[in-house]
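Colleague: Please build the complete structure, drawing on both the sequences and the hints.
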Amino acid sequence: MICLEKVSKVFTLEAGSYTALKETDLRIGKGEFIAVMGPSGSGKSTLLQLLGGLDLPTTGTVEVDGVKLNGLNEKERTLFRRTKIGFVFQNYQLLPMMTVSENVALALAANKTPKTEIKSRVAELLDAVNLADKADQFPSRLSGGQQQRVAVARALAMKPQLILADEPTGNLDRKTGESVLQLLSRLNREERITVVMVTHDEEAAKAADRIIRIRDGMVVRETAEGGERA
Amino acid sequence: MNAWQIAWRQLMRRKLRTFLTMLSIAIGTASTLAVLSAVDTARTAFPLYLKAAFGKADFTINGTDAYFPQAIHSEVEKLDHTTSIAAVKQSTKLHLERDGISAIQKRVDLTGYSKMDTPLTNFHVVEGNLTTGGAVITDRTAAVWKVKPGDTIAFDTDKGIREIQVSAIVRYTVELMGPGNWMMAKFHPWSVAVPLPVLQNWFGLNGKIQNIQVKVDSGSDLQAIGDRLDALAQRYGTVYMQPVVLDYSTQFQEVNTFFLLLYLAGFLGIALSAFIIFHSLYVSMKERKKEFAALKTIGYTPRQLRSFVLIEVALMAIIGTAAGLIFGWGLALLLKMVIFMVFSVYDNAALQLAKGMAVAVLAGLLVPFAAALYPIRQATRVSVAEVLKDHALSPAARRKWPAALGALLIVSAFFIKHLLLIVPFMLGVILVFPYLFSLFVRLLRTIYRTGFSGRLASGNLSRNRERTAMTSVILCLGIAMIVLMSSLNAALIQSFEKVIYASYGGNLDVHLHHIEKTDVERIKQIPGVADAEAYPLHEALWMQNGQKRKILVYGVEADRADKFPLFTASGKRQSELIGQLAPDEIILDRIAYGAWGGRIGERIALATLHGTQSFKVAAVVDTMKNNGFGAFMSKENFRDAFGIKYEKNVLVLKDDSVTPMQLRERIFDKFGERIMDMFGPEDWVTVVGSTYTGSFAVVDFLVVLSIVISGIGIANTLLMNIMERVRELGMMRAIGVTRRQVVRMVQLEGLGIGLAATVIGVILGVILIYMTSTFVKIQ
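Chains as they are written, first to last, in numbering that gives the first Met the number 0: chain A, 0 to 229; chain B, 0 to 778.
Be careful, since some hints might not be right.
[As the list claims (entries may be wrong)] The calculated lysine to any residue pairs, modelled on SDA-like cross-linking and capped at a C-alpha distance of 25 Å, are:
(1) B:LYS289 / A:SER142
(2) B:LYS285 / A:SER139
(3) B:LYS289 / A:LEU141
(4) B:LYS289 / A:SER39
(5) A:LYS114 / B:SER772
(6) A:LYS83 / B:LEU372
(7) B:LYS285 / A:PRO138
(8) A:LYS83 / B:ARG380
(9) B:LYS644 / B:ARG673
(10) A:LYS114 / B:ARG380
(11) B:LYS288 / A:ASN129
(12) B:LYS289 / A:LEU78
(13) A:LYS111 / B:ALA2
(14) A:LYS111 / B:ARG673
(15) A:LYS74 / B:LEU372
(16) A:LYS74 / B:THR379
(17) B:LYS289 / A:VAL9
FYI, nobody ran anything at the bench for these hints, they're computed from the structure.
Modeller: Here you go:
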């Protein structure tokens with residue numbers, strides 16, 4: 000599903016250049032639930048952005064679902080992302096001027112999906128995240144957990160094969176965070192959606208099949224659920 | 000998902016900003032509509048007004064002496080397909096016993112018409128009847144005199160008091176021009192029309208007339224009738240015929256410059272509103288970076304992101320333009336009224352809205368889209384990685400080309416000898432302004448560093464330099480324009496004043512009905528009069544590009560020309576220039592010379608008593624006598640050419656013992672009703688000054704509107720600065736910064752923006768004054 004070969008990413012900052020990822024190799028199979036952990040600035044989020052085609056590596060190749068993202072231009076990567084990848088963020092990133100259903104429908108609308116199909120798909124997704132009664136509410140009227148569930152529903156709209164979640168429980172209390180993790184696990188199990196989740200939270204990481212630990216831009220350890228693997 | 004509904008919700012999230020942005024679009028649209036419509040209306044109405052006011056007759060017949068026999072009119076009346084009237088004009092005094100009204104305020108110009116109810120007089124009756132043989136006055140005069148039809152008015156003539164009943168009150172007209180109140184009557188006489196036999200009887204002029212006006216029936220051969228009138232005049236020898244020529248460019252010389260200034264002010268309005276829209280959207284895009292980043296992660300293409308923002312722009316543009324059109328319509332009416340008032344055009348012309356409306360709608364809709372292009376481009380280029388994880392990537396290096404281009408535009412403006420230089424100059428200023436602003440903030444820091452709030456404010460101004468500079472430049476341009484306009488106004492009036500005094504020929508020009516041999520001597524004997532000199536004047540016709548035009552020709556006595564200068568010339572004295580003229584030579588003033596288009600040494604053809612005669616243009620001089628557009632020849636040559644044996648004007652020099660007003664009163668006491676008009680250089684300065692001040696007031700009004708727009712920009716920026724720094728401000732409060740200190744900091748930021756705009760604006764205004772001073776002067 001995902002294959003990174005000798006991927007490096009260098010950022011140019013005011014104070015000089017900064018290497019976020021160094022010669023990283025990584026393979027993730029279809030239907031895996033992966034947690035990426037590491038201290039701040041270790042390169043976790045950079046890894047997620049490279050997987051999502053939001054950024055390109057300085058060197059090395061990134062392949063997702065058989066497609067080399069390095070070979071795609073900005074527009075091709077956008078269209079790839081739209082159909083293959085769903086994003087979930089720590090701050091939910093819902094659009095405040097849109098209702099819950101409009102937020103969920105965003106990707107479908109961008110893809111020019113017929114209105115009737117959008118309507119039924121949105122209803123189905125909101126049902127799946129238990130927010131059917133909030134369809135016409137604006138995000139500001141929802142709790143953090145509810146907003147994150149809307150974000151998950153939005154990420155699922157185009158039936159992606161990969162969900163990239165950046166600290167999805169970072170802004171939630173433990174109980175709400177658990178419910179979001181359960182939702183992601185369920186999707187992973189039932190829909191065979193590959194999930195790559197960046198987190199600081201060891202408890203949250205337990206939901207994953209595999210934990211990848213990164214430090215200073217390099218993968219230092221990979222552990223299976225509860226035990227070291229390599 | 001309704002994209003328009005979502006765009007509206009987005010706009011409503013920032014109600015005040017949206018309102019201010021829409022307001023700026025509305026003001027820009029309104030100023031465009033108002034300027035274009037009012038100027039269009041004036042351009043259409045002025046020539047029509049001129050035609051209606053001065054072009055009722057097709058031909059006039061005047062005498063080579065002051066009067067000629069009425070029998071000639073009887074001959075003219077026999078011509079088929081024509082309407083004609085004979086007229087005599089006399090000055091008199093209103094017989095009125097009322098305290099506080101001096102003799103000079105009672106001056107009345109009486110015109111005797113052979114017929115009142117004709118297309119040539121074209122009186123529009125408000126009350127009464129034109130055919131009952133009484134006097135006719137305007138509604139304005141009737142209101143001041145408090146008379147109505149049937150009332151009797153009386154005049155003091157040489158032969159005693161003469162009374163006549165008012166038979167009609169008519170709408171204010173050029174034929175019966177007069178003051179609007181007793182105060183103004185000190186400067187202008189009243190006008191009354193009476194039947195010709197009445198006037199002839201009162202003044203002992205039976206069988207004598209001064210002027211015949213002839214109108215040719217529509218569809219008749221104008222040329223043929225002109226030829227017959229000319230033949231008739233030549234047969235008598237004592238009269239000459241002239242076709243009536245409407246010379247728009249002479250009558251409204253300064254109107255085009257004024258209109259250009261109005262266009263510039265209107266352009267400034269729409270340009271500044273474009274700036275506000277640009278600025279609002281630019282900040283909005285920055286503010287919504289995360290939203291755009293989120294949309295990008297979902298799979299929105301740059302094109303889809305653009306359409307998101309464009310719908311918001313379209314909404315603001317449509318609403319702003321609609322409001323602007325309503326506001327602009329009212330403003331156009333107001334502007335039209337002021338323009339007409341400034342140029343003394345009494346016409347109720349309908350507003351010409353079509354072109355103004357079309358351009359204003361296009362500007363109102365397209366300018367916001369054009370202004371939105373760059374901010375939208377920024378929105379589509381949002382880096383998701385940077386925005387979502389707050390990576391502080393190195394900022395893009397400041398591009399050098401805008402500053403270089405700006406400097407180039409400013410320098411290029413120095414070489415443009417036209418008011419349009421303002422356009423490249425201002426565009427250049429916009430591009431280099433961030434650098435000027437930085438420089439100013441550095442200076443400001445030395446003042447602000449004394450207090451805690453000041454230090455923070457100057458830091459914030461530097462930190463948000465691009466944004467604050469962008470706001471400040473709007474106000475700066477408005478201020479620069481105001482400085483330029485005020486200076487242009489003052490400079491033009493001063494220059495006019497200088498030339499008027501230098502070329503008026505004395506302290507007073509007394510226009511008598513006709514001058515008797517002893518009159519000049521009598522004037523000289525009046526206490527306070529230092530000297531006096533009579534001069535002849537004739538409105539001659541000449542051809543330009545197949546069009547008949549008029550030029551005032553002055554007969555000048557060479558020996559007296561230095562003492563009574565009717566023009567100024569560099570290098571040579573007036574007496575020298577006039578004295579050296581050959582019989583077929585003439586001097587043109589600079590305005591006439593420019594309109595003629597020839598060169599010194601070439602010949603200009605004028606209609607004279609002997610037919611069309613060509614004169615070699617010997618020199619070019621400057622004059623503001625009768626608004627310029629004049630020609631000068633020696634008195635002797637003048638008489639030979641035009642056959643006019645009488646003089647009507649006396650130039651008077653006063654000594655230091657009298658004021659200009661006392662001089663007038665003393666001359667009036669001596670000559671009374673024989674005086675047709677008295678006009679001094681100070682009157683002329685007042686007329687020119689009020690025309691220009693009125694014109695500039697209109698332009699200033701539009702510039703002030705632009706400044707209002709810039710105020711909107713400042714409010715917008717401060718609002719954005721605060722909203723963006725809510726956390727920062729909260730943190731400051733948490734560590735003990737008082738509420739007052741925070742408020743003071745924001746106030747000082749606003750003050751900094753305003754100060755930068757004012758100081759730089761004034762400096763730029765002064766530079767503009769210097770640039771325009773190289774060509775804006777009286778030519």
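Colleague: Evaluate each hint against the coordinates.
Modeller: Verification of the supplied hints:
no.: 1; hint: B:LYS289 / A:SER142; result: holds (20 Å)
no.: 2; hint: B:LYS285 / A:SER139; result: holds (21 Å)
no.: 3; hint: B:LYS289 / A:LEU141; result: holds (19 Å)
no.: 4; hint: B:LYS289 / A:SER39; result: holds (21 Å)
no.: 5; hint: A:LYS114 / B:SER772; result: violated (66 Å)
no.: 6; hint: A:LYS83 / B:LEU372; result: violated (31 Å)
no.: 7; hint: B:LYS285 / A:PRO138; result: holds (21 Å)
no.: 8; hint: A:LYS83 / B:ARG380; result: holds (22 Å)
no.: 9; hint: B:LYS644 / B:ARG673; result: holds (19 Å)
no.: 10; hint: A:LYS114 / B:ARG380; result: violated (29 Å)
no.: 11; hint: B:LYS288 / A:ASN129; result: violated (30 Å)
no.: 12; hint: B:LYS289 / A:LEU78; result: holds (20 Å)
no.: 13; hint: A:LYS111 / B:ALA2; result: holds (13 Å)
no.: 14; hint: A:LYS111 / B:ARG673; result: violated (91 Å)
no.: 15; hint: A:LYS74 / B:LEU372; result: holds (20 Å)
no.: 16; hint: A:LYS74 / B:THR379; result: holds (12 Å)
no.: 17; hint: B:LYS289 / A:VAL9; result: holds (23 Å)
Hints 5, 6, 10, 11, 14 from the earlier list are contradicted by this structure; the remaining hints agree with it.
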